Amino acid sequence: METWTPNPRAKPFIPRQQRSLYLTWKYHNFYCFMCAGAVLFLLITVVVNIKVIMDTRRVANEDEAAQDYDALPNMETPRRPANGRKVLDIEVYSSRSKVYVAVDGTTVLEDDMREQGRGIHVIVLNQATGHVMAKRIFDTYSPHEDEAMILFLNMVTRGRVLIFTIKDEGTFHLKDAAKNLLKTLGSQVSLNLSWRDMWTLVVKKGGQVYGEKHAKSPALSTWGDPVLLKTEVQLTASEEAECHWADTELNRRRKLFCSKVEGYGSICSCKDPAPIEFNPDPLINNNVFSVPVAVIAGNRPNYLYRMLRSLLSAHGVNPQMVTVFIDGYYEEPMDVVELFGLKGVQHTPISIKNARVSQHYKASLTATFNLHPVSFSSFCQLQMLLICFSCSFLSQTVHLLDEDDSLYCISAWNDQGYEHTAEDPALLYRVESMPGLGWVLKKSLYKDELEPKWPTPEKLWDWDMWMRMPEQRKGRECIIPDVSRSYHFGIIGLNMNGYFHEVYFKKHKFNTVPNVPLKSVDSLKKDAYEAEIQNLLKEAEVLDHTRNPCEDSFLPDSEGKTYVMFIKMETETDTSTWTELAKCLHVWDLDVRGNHRGLWRLFRKRNHVLVVAVPISPYSVKKPAAVTPIHLEPPPKEEGAAVEQL
Amino acid sequence: MLRVNRTVVLLLLIACSSVFLLFQLYYYRKYVNKVSLTVKKFLALAQRYRLPLFLADTAALKLLSQDALRQRDRLVREPHCSFLCTGRPITSFALHANLWKYDPGFLLAAEQKGFQLLTLTGKDPRLASLDTLSGEEIPLHFLLRLHDYIIQVVFLYERSGNYMWFGALRLRADTDRSFAPFRQLDYGRHAGALDRQELVLTVLDGLDVRVPQNVSRFLYELRHARFLECRYHDARNFLQLYPEDSSPQSLDFRRKVKTLLHRVAQILTKLDIPFWLSSGTCLGWFRQCSVISYSRDVDIGIFIVDFRSDIIAAFRDAGLSLKHKFGKVEDSLELSFLSEDVKLDIFFFYEDGDIVWNGGTQAKSGRKFKYVFPRFSLCWAELLELKVRVPCETLDYVTANYGATWNIPVRSWDWKSSPSNVRENGVWPPSEWAELIQVY
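As they're listed, the protein sequences go chains B and W.
Counting in my numbering, the first sequence runs from 1 upward without gaps.
Counting in my numbering, the second sequence runs from 1 upward without gaps.
If you're looking for bench data, these hints aren't it; they were derived computationally from the structure.
Be aware that one or more of the hints could be misleading.
[What the hints assert, rightly or not] Lysine-lysine pairs mimicking DSS-like chemistry, simulated, CA-CA at most 30 Å apart: (1) LYS538/B - LYS443/B; (2) LYS443/B - LYS62/W; (3) LYS526/B - LYS561/B; (4) LYS270/W - LYS51/B; (5) LYS260/B - LYS270/W; (6) LYS51/B - LYS62/W; (7) LYS230/B - LYS204/B; (8) LYS519/B - LYS623/B; (9) LYS270/W - LYS442/B.
[Unchecked claim] Computed far set for chain W versus chain B, every beta-carbon distance over 10 Å: (10) SER18; (11) PHE20; (12) GLY135; (13) GLU221; (14) LYS343; (15) GLU385.
As the structure is a computational prediction, the values presented were derived from the model and not from experiment.
The beta-carbon is built from N, C-alpha and C at its ideal position, and this holds for glycine as well.
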């Protein structure tokens, strides 16, 4: 009771004398109990309440304190409301030496370069926002370009605004089919367009014509007068410009993509659009699921689109591990990457020409290993379309990189694997050259050896040539399949022209059978492979060296046999016999590729043929004494068609 | 009457306070329920979307660590919520970002469950390099709020130096500042680096949660996790003025330094001795995010309090030969080892008031030098694919050592006179030379 602090309002407790002792005691006890209880409750309540108050105050204080928590300045740039204005002013100019298109005073196309940009320029605008969605030139002075234009115009979604303008000449190979299409689009004059006319047209696909101007060329030797078309385009509400796809994450990406760019065909079709997510059958025992894939790209969004589509539909590929590296800050390739929900990285171009490519490769390789700290990485050049991205192939071989130090890379490409020289999708080779298209590299090789001494920007070297140099390769070899797992679809790389592609890549054989189980993969290790070659040479039949190797009859009409032939090669640089042989076999002849210690392996008429270079190959000892190695000399005069190196 | 009044008053008081107390008890139970319900809801969601999560909350983990568990029996706690109800309105989880395919469906589902969301993104540090690469921003933190209770999900990204990185939490100007008690968050004040954690699945308060296997180790690491990114932008500018030497010799030197540093880190981590990059090696990291190719040695610092006599043996066992040993544990200790032809200098640092110093000794004259630095704490950084410590106040450290012109390369360097923080410190008594100046 002593500890009880009296309640000032409560009367002091004074026991009454009148009560009986027992009652007094009883009441007394009762009161004490009651009061103590009450006070205890009060005390607890007060304490709890004070704690609650303190707590709330602390939280409030912290909230206040949070006010000065480090803040970033607002990075969001204020965006001009797209619908601020409902009408677009459009200016289109067509002349012999210059074309330009201005939308609302902003030049979206200007081409006044000499000897360039001949033909019909086409621009596609979004009818709701006025944004440029596609820009194309069709050099309809040259054949087949009009077909490409028809294809393109048919792919454009209805309702888009199309702007046409001719620079120099655009009608020589503009066939009736194309002219008719222009007519159905709304052109009044397309059927009469002729040699060196100037022409501009602004039209809504499947809708009204905003304006058309045409200037006839008075004579064959002169051009029509320049024409300038000024017109206005009424923007439509954005709902009308969009398709009504189901509201999913995928379709949100699709919607964004389709509102920005045009010319990707059915991906933006309102009914039944092409898929952007692929769920290929998973690969059993997939060893490459966690291998990062770097796709090296420039500003070729259409090819990037095709490439990514086939990459993602490959068995066993893991989209999370795919990173696309874009050389430069181009919007459209990035849009394509985002469409597929992949990670895209842009790289500020350094240096020029080949060095630019080489620096882009270095940055991409470094970043890939940073993004995915694992031990392998595979790389694809945009120059190739990966068919079944060889995931099954890589999955079966990737462990070799760890187990065999004499390996440099695993490539999905056989330089010598043409239709007529490749046969067995399950067969693998070791080669000394490094085929650059689609390959797997070990992290330690890159980080410890290649990255530190990668050619610096001022050296205008080809990165792949550099990687093939003996200082880098150090005698190591690459594993390749007999039948390539990737298909080069050319005209795309920075350094390749159409003729080059036609000659060297069109007849290349590539694998179409998925998930081929490979023949004894472990026999590709250094010693095992040597033993296998010795066996092959032992069983091989020596071909008749008196016949002309370029003739079909050089090989007997057998099937499934192994033959060996010997060619003359005195030194590493004495390549004339091989080059001539490669020419008549119609395989890669621009430099020596695909050999293993002076031995080439290929197929002829379904027979395995071993070509041994005598005397530089260690396998020369297998040559019977009576056989004279074949010696071929280049024809005395070479045609001047020097083709750029790949 | 008086008596009746008093009784009534007392009874009333008792009734009131009981009601009040019951009310508060109810409220407390509700709070407890709220916490476990919120966490439960979140974990169910996380499981559905396969978030590779583990409990990373310092307060909750502290209750789990060894010492706390020992005291547990004596503590009477609410049985339903003994670990997760830490009294703070926050529970933090870490997410292994490399194992999770970012799925916006998770956030949508969380929103449907009534959570309010705040996603904080930032630049991808894995793209930060001497090349100028830019990619999309990556998510760094999710904050989910339900009934004023916050769940923080911090993204751990695997980096090439074999460690996990998490980003600093920076609010944009348009973010709601009252969304969460940001000051109380465990993660976000600074970027941090942690070792990869071994996880175990356990049941806490009836919920399946993964937690770090070694909780006290994890908490220790977290306290010293602050990470500094190299200043690549400045390094690029520097390298433009003074391009990197790409001769075979300097390539070779860089390769050797990398091997040596990795080995040193391995030895000292095993001994549990923290070390940091010092002198030229620190300058190389700070100025050019790499190694100064003409520096010809590797310098590291260790606090003398962390000195252990078995250091020398450990280095010897790893194949490094002792080149010299100057000074003693009480004064100016310095060890040098040789690996291939690269010298490793280990300077021991002495704390003295508001300064820190290390000593130098000239072998032939026995002269002593003292290099004085302002006090510093240690941060993680990455150099040559290795997670190493550097002084957090790197600029002060480098400026103390190399003066304000540290940004200009100096090729002729005299360790006795060039540093701007060197002071003469007397001469060792010749009688002790044999002991204090050992050259091998």
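Consistency of the hints with the structure:
no., hint, in the structure
1, LYS538/B - LYS443/B, "violated (38 Å)"
2, LYS443/B - LYS62/W, "violated (39 Å)"
3, LYS526/B - LYS561/B, "holds (25 Å)"
4, LYS270/W - LYS51/B, "violated (47 Å)"
5, LYS260/B - LYS270/W, "violated (56 Å)"
6, LYS51/B - LYS62/W, "holds (23 Å)"
7, LYS230/B - LYS204/B, "holds (15 Å)"
8, LYS519/B - LYS623/B, "holds (28 Å)"
9, LYS270/W - LYS442/B, "holds (28 Å)"
10, SER18, "violated (6 Å)"
11, PHE20, "violated (6 Å)"
12, GLY135, "violated (4 Å)"
13, GLU221, "holds (19 Å)"
14, LYS343, "holds (21 Å)"
15, GLU385, "violated (7 Å)"
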